[in-house]
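Sequences listed follow chains A and B, in order. Residue 61 in numbering that gives the first Met the number 0 is what sits at position 62 of the first sequence, and the numbering runs on without skipping anything. Residue 54 in numbering that gives the first Met the number 0 is what sits at position 55 of the second sequence, and the numbering runs on without skipping anything.
Please note that a few of the clues may not be correct.
With a straight-line cut-off of 25 Å between C-alpha atoms, the simulated SDA-like cross-links for lysine to any residue are [claimed, not checked]: (1) K68/B <-> N44/B; (2) K98/A <-> T41/B; (3) K77/B <-> E9/A; (4) K14/A <-> D27/B; (5) K22/A <-> V65/B; (6) K98/A <-> N32/B; (7) K14/A <-> N44/B; (8) K22/A <-> K205/A; (9) K22/A <-> V60/B; (10) K50/B <-> T74/B; (11) K50/B <-> M17/A.
Label pairs and their calculated CB-CB ranges [said to hold, decoys possible]: (12) Q84/B <-> Q8/A: 15 to 21 Å; (13) K67/B <-> I180/A: 51 to 57 Å; (14) N61/B <-> Q4/A: 35 to 41 Å; (15) Y167/A <-> E53/B: 41 to 47 Å; (16) L113/A <-> E53/B: 30 to 36 Å; (17) N70/B <-> M131/A: 40 to 46 Å.
Keep in mind that the hints were calculated from the coordinates and are not lab data. We put the CB at the ideal spot given by N, CA and C, even for glycine.
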Amino acid sequence: MDARQQSLQELQQIKNMMERSSKFISLSGISGIAAGICALAGVWFASQKINYHVNGDYNLSKIKDESQVSLQNDLLLIALLTFLAALISSFLFTYLRSKRTGIPLWGTTTYRLLWNIGIPLAAGGLFLIRSMQLEHYELIAPGCLIFYGLALVNASKYTLGEVRFLGYGQIVLGIINLWMIGYGLYFWAAGFGLLHIIYGIMMWYKYERVSKGINND
Amino acid sequence: MNNPIENLNKTFDSRVRLGIMSTLMVNDQINFNDLKQLIGVTDGNLASHIKALEEIGYLKVNKGFVGKKTNTTYTITKSGERTFQQHLTALERMIKTTK
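Same shape as in the complex, but just chain B (with noise of 0.2 Å):
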């Protein structure tokens, strides 16, 4: 058998990428600052998780407007919603076979 943890994704190695994966599973839209409030980042720290994600094609940004003021949100592509369900399985998988 093989080893278990090479189905792991090293991409959601991060508490932060995981946070953000997480979050856009279960809702169409989120904005920046609902993300950093949930999972209790800086700025920085989350645009540049966010950056990598979206550079991998897990994530898609869409630049939008209230009012004047810039409200950007983000949405998970279906190869992100993939890739992350793959994780999910794997972790399941990892519990189940080791002991």
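Pulled out of the complex, with its shape left as it was, chain A reads as follows (with noise of 0.2 Å):
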């Protein structure tokens, strides 16, 4: 082996140790792609079930009977089980991944990019749980996909960088809902759906198609 060629496998050892130390890399494409699924899944069941109430209208802050409850709860419910249904099929898929590039599931990385994605998200919650209580329902929609936008964007210094495309992506879309309020449920089906999906179709396409390399850019 000549020189050069020493040299270039030094410079990718170097790469590959910053990465693996600085960065949760074993987030595979396969998760955003599953979680997408689970989200235009919950907004199909979501969209179903205030056809069955209301004939079409998604701006729930127009439904003023006493249904209002009972489907409020409904989609609170699939709200719910859309989002634990794509955490535990996104955390199977990262987790299959690890095992396959060796690298630990849990270790300083993983604490790093919990917590960084952790901390929008748990601001975001607070205020959506606050504008529900203030029966501000046209904001729910909004405001899930820009807090969670900038919890991506805040993330991707700790994991892949291409999450950062993402975030922008949800944000757009949130601030776009703020001005058409009464689409959520297409916005959703936008941003957590079809973005996720994109995405990771985009990152297993660049990252896992082969299946023995981590980094052939």
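Make one complex out of these two single chains by using the hints.
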């Protein structure tokens, strides 16, 4: 092996160590796809429910009869189940990937990533709970997208950098949604569903398609 | 033109030292166990390389406590950072100049 080859290999080793030690790189693209599919399923169930109750009016704040409470509870339940399903399935594929690459799932980088996702999400969650208490239901859909997007942008420093672009997408959708109140479900389908799936496919294509390579860029 | 290999730092010849320095470059500090897991070496091996790097002055050892357990962490020194950067530049030049 000549000197050039050796240097190239050494630089690659250095880059690999730097990434492994500072970033959570086991995040699997399939996790994104799975979360997206869960979101689409959730949106579908929710839209069925809303249609059943009020014939296609997506604006929750306009629902003013006694069925409102039961609809609200149903929707919250759907949202919760969707979230859990997305969380579990995305965890599963990332777990499988970390097994394959031999990088432990739980470590300093994981902790750092979760903490940095957690702060914007927790703040956003409280904000949205309070919005619901004040009956500003119209803020829930855009709020979820915006705070989730901010969490992703913040987290991108601690995991695959491309997560940043997923975050930008969610924020933009959330902001547009602020001026298109009543179409929240469509924006959720686009943001939590389609964007996740597109992102997941791209990440899978870039990092995981070649089963042995982590960095082939 | 002089031989590009001259600029390569002999201290970083070993895979373990290279690993320690790369890790310290991108982390404010790191503890022994994380380092061990990342590089995949035995305690003794890692400890001896850390000691060597400490003696040259490329890294600093901080002894601290988490509860009652000792928690030793390592940080890179200014001179370590500079030397490693030079090493990286030398490697890059090697790749560009030799064909």
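Next item on the list: Check each numbered hint from earlier against the structure, then list the numbers of those it violates in ascending order.
Entry: Violated hints: none; all satisfied.
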